Amino acid sequence: MDKFVKFDGLVAPLDRNNVDTDAIIPKQFLKSIKRSGFGPNAFDEWRYMDHGEPGMDNSQRPLNPNFVLNQQRYQGASILLTRSNFGCGSSREHAPWALGDYGFKVILAESFADIFFNNCFKNGILPLVLPKAEIDALFGLTEYSPGFKLTVDLAQQQVVRPDGHVIPFQVDPFRKECLLNGWDDIGLTLRHADKIREFEDRRKQQLPWLFA
Amino acid sequence: MPQTLYDKLWDSHVVHQEADGTALIYIDRHLVHEVTSPQAFEGLKLAGRKPWRVSSIVATADHNTPTDHWDEGIKDPVSRQQVETLDANIREVGALAYFPFKDLRQGIVHVVGPENGATLPGMTVVCGDSHTSTHGAFACMAHGIGTSEVEHVLATQCLIQKKSKSMLIRVEGRLGKGVTAKDVALAIIGRIGTAGGTGYALEFGGSAIRGLSMEGRMTLCNMAIEAGARLGLVAVDENTINYLRDRPFSPRGAAWDQAVDYWRTLHSDAGACFDCTVDLRAEDILPQVTWGTSPEMVVPVTAAVPNPAREADPVKREGMERAIQYMGLTPDAPIQSIKIDKVFIGSCTNSRIEDLRQAAAVLKGRKKADSVKLALAVPGSGLVKRQAEAEGLDKIFVAAGFEWREPGCSMCLAMNADRLEPGERCASTSNRNFEGRQGPGGRTHLVSPAMAAAAAIAGHFADVRDIL
Ligand code: SF4
Chain U
1 MDKFVKFDGL VAPLDRNNVD TDAIIPKQFL KSIKRSGFGP NAFDEWRYMD
51 HGEPGMDNSQ RPLNPNFVLN QQRYQGASIL LTRSNFGCGS SREHAPWALG
101 DYGFKVILAE SFADIFFNNC FKNGILPLVL PKAEIDALFG LTEYSPGFKL
151 TVDLAQQQVV RPDGHVIPFQ VDPFRKECLL NGWDDIGLTL RHADKIREFE
201 DRRKQQLPWL FA
Chain R
1 MPQTLYDKLW DSHVVHQEAD GTALIYIDRH LVHEVTSPQA FEGLKLAGRK
51 PWRVSSIVAT ADHNTPTDHW DEGIKDPVSR QQVETLDANI REVGALAYFP
101 FKDLRQGIVH VVGPENGATL PGMTVVCGDS HTSTHGAFAC MAHGIGTSEV
151 EHVLATQCLI QKKSKSMLIR VEGRLGKGVT AKDVALAIIG RIGTAGGTGY
201 ALEFGGSAIR GLSMEGRMTL CNMAIEAGAR LGLVAVDENT INYLRDRPFS
251 PRGAAWDQAV DYWRTLHSDA GACFDCTVDL RAEDILPQVT WGTSPEMVVP
301 VTAAVPNPAR EADPVKREGM ERAIQYMGLT PDAPIQSIKI DKVFIGSCTN
351 SRIEDLRQAA AVLKGRKKAD SVKLALAVPG SGLVKRQAEA EGLDKIFVAA
401 GFEWREPGCS MCLAMNADRL EPGERCASTS NRNFEGRQGP GGRTHLVSPA
451 MAAAAAIAGH FADVRDIL
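If you read the sequences in order, they're chains U and R. Using my numbering, read the first sequence as starting at 1 and increasing by one per residue. Using my numbering, read the second sequence as starting at 1 and increasing by one per residue.
It cannot be assumed that every hint is accurate.
[To be verified] Label-pair restraints from in silico Cβ distances:
#1 F434/R to D57/U: 35 to 43 Å
#2 K122/U to K50/R: 15 to 23 Å
#3 F434/R to K34/U: 22 to 30 Å
[To be verified] Computed list of chain R residues with no C-beta within reach of chain U, every gap over 10 Å:
#4 R245
#5 V278
#6 R366
#7 D370
No lab work stands behind these hints: they were computed from the structure. Treat the numbers as computed from the prediction; the structure is a model and nothing was measured. Note that the Cβ used here is the ideal one computed from N, Cα and C, for glycine as well.
Work the whole structure out from these sequences, hints included.
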């Protein structure tokens with residue numbers, strides 16, 4: 001996993017409550033044998049005018065002009081601004097895969113569904129819970145100031161608006177350390193690589209037939 | 001202090017433990033199949049990591065492979081892609097053993113592991129499939145894992161785990177004629193419920209369990225997951241050791257003797273303390289038939305479909321009503337009056353040689369009822385198939401009107417072409433009777449192979465004890 005460094009990112013608004021994982025990545029894309037490449041199908045049903053299936057050339061599909069993420073001004077966004085209970089529904093890890101592949105690194109919301117929240121950290125995405133008043137203000141700013149960007153500073157645990165207003169946030173210290181260092185679960189376990197190797201060597205001596 | 005078998009297995013695999021009890025557990029055997037591995041291999045590659053120990057990997061294709069017309073390959077493009085991806089991944093990464101589609105030793109991963117001696121006592125065994133509990137029959141700490149965990153095991157040879165509580169399920173006495181391990185498993189689930197084992201590692205003990213063959217113990221441990229447990233265990237005894245002698249990956253010579261000495265320690269010590277104990281008497285267990293859409297909805301073949309009107313608990317009553325409606329049954333109707341459309345003998349629960357022998361013993365010299373549209377016998381692996389054919393079992397099945405198929409998961413989960421049509425009713429030796437499991441709208445009744453054979457002959461459920 002890439003290390004999470006302080007960055008300035010373009011903000012895209014998705015002004016809805018209860019965006020579920022089936023909306024984030026519809027179930028027909030779960031048949032895939034891959035975990036990458038889901039970006040073009042993120043929010044597929046809202047984003048395109050036709051019905052999407054795996055294997056289609058998405059660049060040829062008619063875009064829905066009314067879907068906010070299709071607006072020119074939000075292309076290249078890396079911060080998603082949304083409302084409450086984002087990521088509810090099925091536990092599919094394809095949802096954070098799709099959002100990450102789309103280019104989102106941070107999701108700002110009033111609240112998140114639990115499994116989705118955890119799955120984000122596992123995949124290098126920072127989900128941040130902010131107070132409703134801050135979220136409301138950010139929706140206003142995003143709409144009225146084209147090219148609106150935020151600075152996300154995980155080390156300092158703050159989001160900084162261009163006008164200098166600082167929004168502090170909470171994050172589990174352990175999760176924070178993992179993101180800052182680019183550790184996923186595997187990376188964490190591999191910190192114990194020496195211990196694993198030692199254990200393995202001992203086991204090889206005691207029960208050699210297991211390693212034949 | 002006396003230890004349970006689970007304690008011994010757990011302790012011998014802890015690599016590292018955090019203060020809160022979260023532990024890194026070393027994995028000895030990693031079984032891999034085509035459905036749950038592609039994203040794990042891709043994740044590994046994307047992160048630029050290498051597998052920790054490829055000699056722990058035993059791979060086969062089973063869930064998607066067709067069970068007939070092998071000459072035509074795999075027609076469904078999604079299935080074919082999964083199988084081809086497994087081929088490519090294993091070719092690139094390597095493995096202790098790989099049994100690809102059409103290989104003589106290919107088959108259901110939980111049949112293939114043990115019969116090749118790739119599952120050995122004292123191991124931790126994982127696979128991206130919930131029925132990995134099967135391998136507990138060999139005193140292995142064996143359980144299913146998700147795709148992220150498959151990747152974790154590939155990369156680190158470890159899993160992050162917390163220890164479960166322990167439950168002893170003791171079955172004393174002798175099983176009656178026509179009563180099999182499957183009936184014991186269903187009777188246990190009927191007793192403790194599908195959530196009864198949640199949070200527990202089950203150990204099956206008692207004279208009736210010691211009397212079971214290894215095949216029977218695998219059937220029992222296979223169903224531990226349906227009782228909500230992560231894993232099931234049976235202690236090592238002479239049956240275990242005899243089964244493993246001379247299997248392809250079993251140790252040989254001096255290593256064999258050393259292994260056997262160790263294996264003999266793999267049992268719960270006298271006086272070991274379990275968090276919970278459940279007792280059943282073997283004599284009380286009759287051939288079982290599930291009537292509903294959960295394995296706990298089960299009764300003896302001599303009973304009738306339960307009547308929800310007599311259930312006091314409103315939540316349970318509603319569940320029963322829904323199940324009876326889905327299954328198209330009438331409350332209080334005798335189980336033996338229920339007519340069936342199809343019969344499936346197979347799955348990782350009941351597709352081993354002994355299962356086929358038990359079914360064939362019932363079918364010999366008989367024919368399936370004309371009203372039974374399709375009867376499938378699907379051996380669990382190429383080796384099982386060959387053994388059955390050497391014993392002439394295939395001829396008995398075919399003479400009885402069964403189709404004798406190539407190995408695979410088949411109609412257990414209807415991922416390949418074998419499936420039920422809406423409303424069709426099946427006597428099945430598999431492990432899950434959930435709505436739509438064997439095809440949308442299909443109705444599954446779980447039974448033993450002998451009971452499935454008896455139902456095939458009668459055209460409705462029948463008490464196999466009357467036939468034997
Ligand atoms: S036979 Fe059925 S339960 Fe067993 S591994 Fe195959 S699909 Fe899963």
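Against the structure, the hints:
1. Checked against the hint of 35 to 43 Å, the C-beta distance between F434/R and D57/U comes to roughly 37 Å, which is consistent with it.
2. For K122/U paired with K50/R, a C-beta distance near 20 Å keeps the hint of 15 to 23 Å intact.
3. For F434/R paired with K34/U, a C-beta distance near 28 Å keeps the hint of 22 to 30 Å intact.
4. Annotated as non-interface, R245/R keeps its C-beta farther than 10 Å from every C-beta of chain U; the closest such distance is 13 Å.
5. Distance check for V278/R against chain U: the nearest CB is about 31 Å away, which clears 10 Å, and the non-interface claim stands.
6. Distance check for R366/R against chain U: the nearest CB is about 42 Å away, which clears 10 Å, and the non-interface claim stands.
7. Chain U leaves D370/R outside its interface by the beta-carbon criterion, the shortest separation being 39 Å against a cut-off of 10 Å.
Of the numbered hints listed earlier, not one is contradicted by the structure.
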